[in-house]
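Peer 1: Using the hints provided, position chain E relative to the given structure of chain D.
Spelled out from the first residue to the last, the chains are:
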Amino acid sequence: MQLEPSASDWYNFCQFAGVDAHKTLELGYIDGKKKFKHRLYPEASFSLPMRYRRDFSLKIRELVCFRDAVLARLGEDFWSSFLKRVGVTEEMFFVYDYQISLNFLYDLVRACEDAGLSLWEVALEHSLNEDAHGVLGPEYIKRRRPQDLLEGLVQNQPYYQRALHVELDPSPDLVCRVGPSLLALESFQESELAPFINYKVSGLTEFLRSHFPSATMTPGPTDGSFRLQA
Amino acid sequence: MTTSDYSFDRRLTSFFNSSRELLGDQFDHLLDGLRISSRGELSELPVTELLRVLNALNVTLDSVMTGSVDLETMRRQLKHREAFPERFGAKYPYSSRFTGFYMLDYVSRCFGDKTAQLLRQRLQLRQEHFADLSHKNNILLPLEIATYVHDYFGPDYVRDMGRNSIVHYRKGPQGRELAAMSDVSSMLERFFIDFAPTTVEKNYDWSLQRVEHDSVLLQGRPKGEVNEEFGGRLVRNRSLELLRSGFFTDLPTLISGHRGSCAQLKGLSRGDGVDLYRISFTKVSAAPSMIH
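Residue numbers (numbering that gives the first Met the number 0), protein chains in the order written: chain D, 0 to 229; chain E, 0 to 291.
Same shape as in the complex, but just chain D:
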């Protein structure tokens, strides 16, 4: 049996959280498309262990495909027991603008490795699904050229993460460069950020390829970069 809140309870909660009650129920998640705030995302009041309050460089939106990958490969029990062990509530994953430390992602990746799953690779597959991007997903479907889609993905990074600095150099081909942000370097060594950089580069190129199979992408002039040919 699935428990549901009463309409009054739900509306009351949504008023408190400042979200549209009807839309949130229809979508199944809360997504206000908000950029990073300096500290905790104030519209939700989940508690977080200190370890996950250190840098606040990820939004839940970035983690949705990781959650989906864990649920698909390791199941709900693994996911729930991991969250319980690290002291994070499951409800947090319905609020796409909520912020958390990159430490959370790294802890999840390590837990999955211990269970024999390479999470980076499987999350990449799930990131190709538009639903994993919240209200940004439909925006990507409407992009008509690979260049436009790449620009959209880069411009929307503030709605996903701020651990990495992602930029485009538009001439003569589009070169996309991904590197650590100053904020992330305050809390992590550059080498620690390398797996996330590699994941981000692969994520961008695979997302482009899934929408435009004929798009030509080659490694760029530096590590963590790629070139999209016009």
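These are calculated hints, taken from the structure and not from any lab test.
Because the structure is a prediction, the values reported are computed rather than measured.
Built from N, CA and C at the ideal position, the CB exists for glycine as well.
Quick partial rundown of chain E residues pointing at chain D, CB under 8 angstroms, derived from the structure:
{"#": "1", "residue": "Ser42"}
{"#": "2", "residue": "Thr47"}
{"#": "3", "residue": "Gly111"}
Peer 2: Just chain E now, kept in the frame of chain D:
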């Protein structure tokens, strides 16, 4: 149960009682069609089933709870899908339907089709209402769309929505004519003297207070009848000021190679009695080389 929960339950019950009274058998047929039992209190339905009923009535949970559903429009729409909400059309329909169209187009592109669809539903509107953009409506329609975006997504998006309207405006006959001019000051004079009063902004009286080589000073206030009818809501609301501010920001860009900015110096929402904007503009050289 808290006092507010109790009050929300009463609002739902009251909404369904009124709907049943107004719609009669039609309401029961609608429930039958959705395979929902009409016995018992509908307000006690599981929330997902409740949503199915509200979707069929083209209203939302939020609009029911805030008491903003127009029951007569709901009744008319059950007979004729495309019946237009009376509160947007009955008095002083000075706004082009195009304004609502571009605003909802922005919501759709920025926050997804589902958000735009549910925003229409919240206002008891339908896609069909935007099929013929020569139709008119009053200022409440853009006001309520802008207010929703302001309240749920923030003021930056309202301003951006106004800027986005220039993308549509430049494709129309007025936009093309203005884009062919060479001087931004003259172009803005032409816009505010010849075009704004008859098409773009018929709800307000605008006057150019000062025209300089790099800026204009623009003052506006709602027309007497608009102020009399809707003034209370306009005065309390900042969202339309932000929308206009966004539109004015990009107005100079109609002439290629120019960039604009807009500072609001006075506002109805601040209790100033008028809106006062300074629109500044400069020539730009080359496009920035990096996109972050």
